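K.L.:
Sequence:
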Amino acid sequence: MSCNFSRCKSGPPLIDHSRKSPAILERPCSAGRKMIPTKLKLLIENQPGNTLRTDKQSVTEALKQLNIDINSELAEFFLNYTITFFKSSSSDEELCDIADPSNEIEIGTNFIHEVWELPENLVCLTNIQGEGCYLYDINSGEVLDFSLANRDDFLAGKTQQKWASFFEFLIWYLS
0 MSCNFSRCKS GPPLIDHSRK SPAILERPCS AGRKMIPTKL KLLIENQPGN TLRTDKQSVT
60 EALKQLNIDI NSELAEFFLN YTITFFKSSS SDEELCDIAD PSNEIEIGTN FIHEVWELPE
120 NLVCLTNIQG EGCYLYDINS GEVLDFSLAN RDDFLAGKTQ QKWASFFEFL IWYLS
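Each residue of the sequence shown is one higher than the one before, counting from 0 in numbering that gives the first Met the number 0.
These aren't lab readings, by the way, just hints derived from the structure by calculation.
None of the values given here were measured: they were computed from a predicted structure.
Some hints here could point you the wrong way.
Said to hold, decoys possible - Below, a list of computed lysine-lysine pairs in the PhoX-like style, where the Cα atoms sit at most 20 Å apart:
1) Lys63 with Lys40
2) Lys38 with Lys63
3) Lys86 with Lys38
4) Lys40 with Lys86
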């Protein structure tokens, strides 16, 4: 069953028009959505390629598939921007995009759950080739730096570097 979502011109709310009586699927910006900080917008604009997202439907579907709140910072970012080849002087890890042209985040997330047996509330934001990655916690909105070598400590709650929010992480990554 596919949903038919549309965004009104003034932004939220998303509406499911597949029902006889359309249902509002999210709260307006003022009731929960976070605005992307100006500093982050400027950092994104300096990245190579066309970073503006045109296909918001694929993002909405990916967010739903990953159980990510549509009002989260991660959702706000991916509904507005696509990751082209973001350059980072802070990290060698390559950020993945959530939707078209591929579902890299979903693939990485399935891997960390099935192979590394990490908790279901964690979403993989980067490729996992170096036996580590950045993880987004869908419950808290934090971003964690994970290394497979420290998996047991990680699962015991002894986390490594973390950022309090997705926007905070992106500002660090792109600065």
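K.L.:
Now tell me if each hint is right for this structure.
P.N.:
Hint by hint, here is what the structure shows:
1. Lys63 with Lys40: Roughly 25 Å between the alpha carbons, so the hint for Lys63 and Lys40 is violated.
2. Lys38 with Lys63: Answer violated: Lys38 to Lys63 is near 28 Å, above 20 Å.
3. Lys86 with Lys38: At roughly 16 Å apart (the allowed maximum being 20 Å), Lys38 and Lys86 satisfy the hint.
4. Lys40 with Lys86: 14 Å, holds
The structure fails to meet hints 1, 2 from the earlier list, while all remaining hints are met.
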